[in-house]
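These protein sequence lines are chains G and A, in that order. Throughout the first sequence, residue numbering follows the numbering used here, covering 1 to 328 in sequence. Throughout the second sequence, residue numbering follows the numbering used here, covering 329 to 677 in sequence.
Rather than coming from a laboratory, the hints here were simulated on the basis of the structure. Note that the coordinates shown come from a computational prediction; the quantities given were computed from them, not determined experimentally. One should not assume that every hint holds.
[Claimed, not checked] BS3-like mimics (lysine-lysine), calculated; alpha carbons at most 30 angstroms apart, straight line:
| id | chain 1 | residue 1 | chain 2 | residue 2 |
| --- | --- | --- | --- | --- |
| 1 | A | Lys397 | A | Lys634 |
| 2 | A | Lys634 | A | Lys381 |
| 3 | A | Lys639 | A | Lys672 |
| 4 | A | Lys469 | A | Lys634 |
| 5 | G | Lys79 | A | Lys672 |
| 6 | G | Lys79 | A | Lys469 |
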Amino acid sequence: MPAATTTVSESTNPTTLSVPPSRWEIAVDRGFRLSTRLFAWVTVALVFLIVYEVAGNAMPAIRRYGFSFLTSTTWDLQKDQFGILPEIWGTLYSSLLALTIGGFFGISIAIFLTQDFLPPTIEWIFKNIVELLAAIPSVVYGLWGIFVVIPLLRPLATWLHDHLGWFPLFGTSLSGPGMLPAAIVLSIMILPTVSAISRDALSSVPEKIKEAAFGLGATRWEAIFGVILPSASAGIFGALVLGFGRALGETMALAMLVGNSNQISISLFSPGNTLAALLANHFPEAGRGEEPVLMYAALILLTITLLVNITGAFILKDATQRFQGHAK
Amino acid sequence: MKPNSFAAAAFVLLITLVTGCSSSTSDGDAAATLKLQGSGASFPAPLYGRWFKEYSAATDAVRVDYQAKGSGGGIKDFTEHTVDFAASDAAMNDEEIAEVDEGVVLLPLTAGSVVLAYNLPGLSQPLKLSREAYVGIFLGKVTNWNDKTIAAANEGVDLPDLPVTVVRRADSSGTTFIFTNHLSAISQEFADGPGVGKSVNWPETGNFIAAPKNDGVTATIVQTPGSIGYIEFGFAEQAKLPMAELENAAGEFIAPTLENAATALASVEMPDDLRAWLPDPEGEGAYPIVSYTWLLCYKQYDDPAKAKALKELVRWCLTEGQESSPEMGYVRLPENVVETVVGKLESIQ
Numbered sequence: 001m002p003a004a005t006t007t008v009s010e011s012t013n014p015t016t017l018s019v020p021p022s023r024w025e026i027a028v029d030r031g032f033r034l035s036t037r038l039f040a041w042v043t044v045a046l047v048f049l050i051v052y053e054v055a056g057n058a059m060p061a062i063r064r065y066g067f068s069f070l071t072s073t074t075w076d077l078q079k080d081q082f083g084i085l086p087e088i089w090g091t092l093y094s095s096l097l098a099l100t101i102g103g104f105f106g107i108s109i110a111i112f113l114t115q116d117f118l119p120p121t122i123e124w125i126f127k128n129i130v131e132l133l134a135a136i137p138s139v140v141y142g143l144w145g146i147f148v149v150i151p152l153l154r155p156l157a158t159w160l161h162d163h164l165g166w167f168p169l170f171g172t173s174l175s176g177p178g179m180l181p182a183a184i185v186l187s188i189m190i191l192p193t194v195s196a197i198s199r200d201a202l203s204s205v206p207e208k209i210k211e212a213a214f215g216l217g218a219t220r221w222e223a224i225f226g227v228i229l230p231s232a233s234a235g236i237f238g239a240l241v242l243g244f245g246r247a248l249g250e251t252m253a254l255a256m257l258v259g260n261s262n263q264i265s266i267s268l269f270s271p272g273n274t275l276a277a278l279l280a281n282h283f284p285e286a287g288r289g290e291e292p293v294l295m296y297a298a299l300i301l302l303t304i305t306l307l308v309n310i311t312g313a314f315i316l317k318d319a320t321q322r323f324q325g326h327a328k
Numbered sequence: 329m330k331p332n333s334f335a336a337a338a339f340v341l342l343i344t345l346v347t348g349c350s351s352s353t354s355d356g357d358a359a360a361t362l363k364l365q366g367s368g369a370s371f372p373a374p375l376y377g378r379w380f381k382e383y384s385a386a387t388d389a390v391r392v393d394y395q396a397k398g399s400g401g402g403i404k405d406f407t408e409h410t411v412d413f414a415a416s417d418a419a420m421n422d423e424e425i426a427e428v429d430e431g432v433v434l435l436p437l438t439a440g441s442v443v444l445a446y447n448l449p450g451l452s453q454p455l456k457l458s459r460e461a462y463v464g465i466f467l468g469k470v471t472n473w474n475d476k477t478i479a480a481a482n483e484g485v486d487l488p489d490l491p492v493t494v495v496r497r498a499d500s501s502g503t504t505f506i507f508t509n510h511l512s513a514i515s516q517e518f519a520d521g522p523g524v525g526k527s528v529n530w531p532e533t534g535n536f537i538a539a540p541k542n543d544g545v546t547a548t549i550v551q552t553p554g555s556i557g558y559i560e561f562g563f564a565e566q567a568k569l570p571m572a573e574l575e576n577a578a579g580e581f582i583a584p585t586l587e588n589a590a591t592a593l594a595s596v597e598m599p600d601d602l603r604a605w606l607p608d609p610e611g612e613g614a615y616p617i618v619s620y621t622w623l624l625c626y627k628q629y630d631d632p633a634k635a636k637a638l639k640e641l642v643r644w645c646l647t648e649g650q651e652s653s654p655e656m657g658y659v660r661l662p663e664n665v666v667e668t669v670v671g672k673l674e675s676i677q
């Protein structure tokens, strides 16, 4: 890349070559480089500072409750008993459900938008509309979930519970807020992330590979499923991991839709709770006794999210490198 | 040349941003208007908001800022001296009071009732709930609307065969405190189980769902057939939700109206520290779940002007302010209570 830029500037602007950069230009250049580096490091330092602060505030709770905090299920302010197993379960379960739904639609959209199904203008409009979903505030999604999604789901959920209640996923009736409405809204919230990164992965599959597949007599669908998707699979996986990370940390919409009930259930219709929702609900009025416990819960959420995001970033990096290798 | 000039522009922008941030620190001038800062309970927040706005408009020398962050948050700000006054639905307990060196004056400014709002399609007359019935519902023992404990008090009413969905507060809240305080007073089983608190350990069954804030609970009840939940009177009235008639200590079924709440208040004797609880008010016609909500002030202020302004403000709220209470869904303080509180006001220095 750098080589290409120099040749362009040499040919189009021959006078600059003879004039050495002035001291001012050198100073500005250095200053700019220095400040960007500084800000990059400040960002990294900030993450560490946050982890340090949260862990420091959580220390009393970590000492007092230790590992049992992660494995017990009661949250009782009156009796000083705290455990977040239902919240850990709810966080992972709702995110996985959202990922299953949002991943399927996100990747489908990405395929639809990259494989020449549409004229470029319409493709561009679609792409932007999907990305606009990311601009809708969380609270609006929550309200939409309460007033639109839940009433829409209720007849279906009641039917499923009445007729297929023996199946664990439909084991309870839907009282309103619960896992499924939360997961559906969450899946729409992660759709822009999943589809945008999958689209990048799909469009960075080299044209030559596609042509080779067609040359061997593959149909369009055979080319997509047999060649293009596998080539982009690492990037798509990265998209799913980042979407998962996004789903883990979502707060307001979940606090409004998940039901905030401290229980572990596999049923799609039963209310549950997530770590982020727990924090959002309890922090504003937390007293001195509760604050360290909430910080401890925040630390666990931070750890889960960081782990997922770091993994995702690594896979994505790996994938992009591989594509660049192919392109040469 | 182009990339370089862009870099220069960006650099200059960064510099201005950095220096710009550091230079705009304080606005300096010793304010001509006196500012009173408060925070706390969200239960009386609509009323306080109106009072403080009206008062600020009437007296141009004083401005009052109130942040409704919840009773617990208010008490925390108050003990840490980041505010001039605070508000709490659960007053303050002895431990909390001991932490404030200057001493604390607790002033009940208004009162409100907590109601049981429900969503039962096809029910025309108001639901009557006996003590056994509503304690049972919130203990998770009464799980269907056609349960005989509910039916006993509602003769001739066709109760639907529908599971009971209990909607509770997800966040810690003064409303929960008032409600659990009442339930614990009338049921030993509830006192031994969930107990009294701003956030308690409710039964963990699939038919208990929680929503944040009074408006969250209200919206969930509106959306969920077969649901019942506890909210502040004003919210239920605004959402036009039906409210249950509750059995009081005298055994009557009482509708939650402002008059019935005022009757409950009248039956209580104000103690010296003004921390009067009405977990289960006696007397005929008294609605059972009513509570005062308090303003927390320091006994001693560094700035005499501030103390004076605060006293003026509270006096105004207790007299002229009371006129607007019923309109906003809050109970007017009885005359004798107003007198006591005004008297207590003098202890602020």
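Evaluated hints:
no., hint, result
1, A/Lys397 / A/Lys634, "23 angstroms, holds"
2, A/Lys634 / A/Lys381, "18 angstroms, holds"
3, A/Lys639 / A/Lys672, "10 angstroms, holds"
4, A/Lys469 / A/Lys634, "52 angstroms, violated"
5, G/Lys79 / A/Lys672, "35 angstroms, violated"
6, G/Lys79 / A/Lys469, "22 angstroms, holds"
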